[in-house]
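Place chain S on chain B using the hints.
Protein chains: 2
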Amino acid sequence: MKTVKIFITLKHGVLDPQGKAVQESLNKLGFPEVKGARVGKYMELQLDDHADIDQQIKEMCAKLLANPVIEDYQYTIEEGAVQ
Amino acid sequence: MKTVKIFITLKHGVLDPQGKAVQESLNKLGFPEVKGARVGKYMELQLDDHADIDQQIKEMCAKLLANPVIEDYQYTIEEGAVQ
Numbered sequence: 086m087k088t089v090k091i092f093i094t095l096k097h098g099v100l101d102p103q104g105k106a107v108q109e110s111l112n113k114l115g116f117p118e119v120k121g122a123r124v125g126k127y128m129e130l131q132l133d134d135h136a137d138i139d140q141q142i143k144e145m146c147a148k149l150l151a152n153p154v155i156e157d158y159q160y161t162i163e164e165g166a167v168q
Numbered sequence: 086m087k088t089v090k091i092f093i094t095l096k097h098g099v100l101d102p103q104g105k106a107v108q109e110s111l112n113k114l115g116f117p118e119v120k121g122a123r124v125g126k127y128m129e130l131q132l133d134d135h136a137d138i139d140q141q142i143k144e145m146c147a148k149l150l151a152n153p154v155i156e157d158y159q160y161t162i163e164e165g166a167v168q
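Respectively, the protein sequence lines represent chains B and S. Numbering of the first sequence is given in this note's numbering, commencing with residue 86 and proceeding in unit increments. Numbering of the second sequence is given in this note's numbering, commencing with residue 86 and proceeding in unit increments.
Honestly, the hints are just simulated from the structure, not real lab data. Be aware that a few hints might be false.
Unchecked claim - Estimated spans, in silico, between C-beta atoms of each pair:
no. : chain 1 : residue 1 : chain 2 : residue 2 : range
1   : B       : E156      : S       : P153      : 23 to 33 angstroms
2   : S       : I138      : B       : K113      : 14 to 24 angstroms
3   : B       : A136      : S       : D139      : 18 to 28 angstroms
All C-beta atoms, glycine included, are put in the ideal place defined by N, C-alpha and C.
So that you can see chain B by itself, here it is in the shape it has in the complex (with noise of 0.2 angstroms):
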């Protein structure tokens, strides 16, 4: 068993009005040192051991888990399942 972790943002240059709203919300919070904000997407995926995982990750992610016109994205393996 493994525990993916992936990571989805933005890509650079794309408009992300839901972090500048995240920004804007703690300006006003009382946190002015807060200059800029981006909003992605984190997921934890519990896989079954397999030959290529990487592959089946990039796949999964080219077919449902991310945008990649406007999106880019990380993972992490990391052995067993999650606590």
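Only chain S this time, still in chain B's reference frame:
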């Protein structure tokens, strides 16, 4: 300038219908090895240097970013702006 990466996840035991939908979709798309999925949020904040940055981040999460009743969060602090 510091970059803070925040991962917000549902607490263990809290039902995650979005994660369940991701898992079932991946299974149907030809990835039967996916045995579980949890979906969360990921944020990158750009912060000016501040005396007590840990305390600031905890306050931001408590006041706006996370729902402490059902969500946990983790964060990392990196020097410099995100590339």
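We went through each hint and held it up to the structure:
no., hint, in the structure
1, E156(B) / P153(S): 23 to 33 angstroms, "holds (28 angstroms)"
2, I138(S) / K113(B): 14 to 24 angstroms, "holds (19 angstroms)"
3, A136(B) / D139(S): 18 to 28 angstroms, "violated (42 angstroms)"
Hint compliance for this structure: hint 3 is the single one not met.
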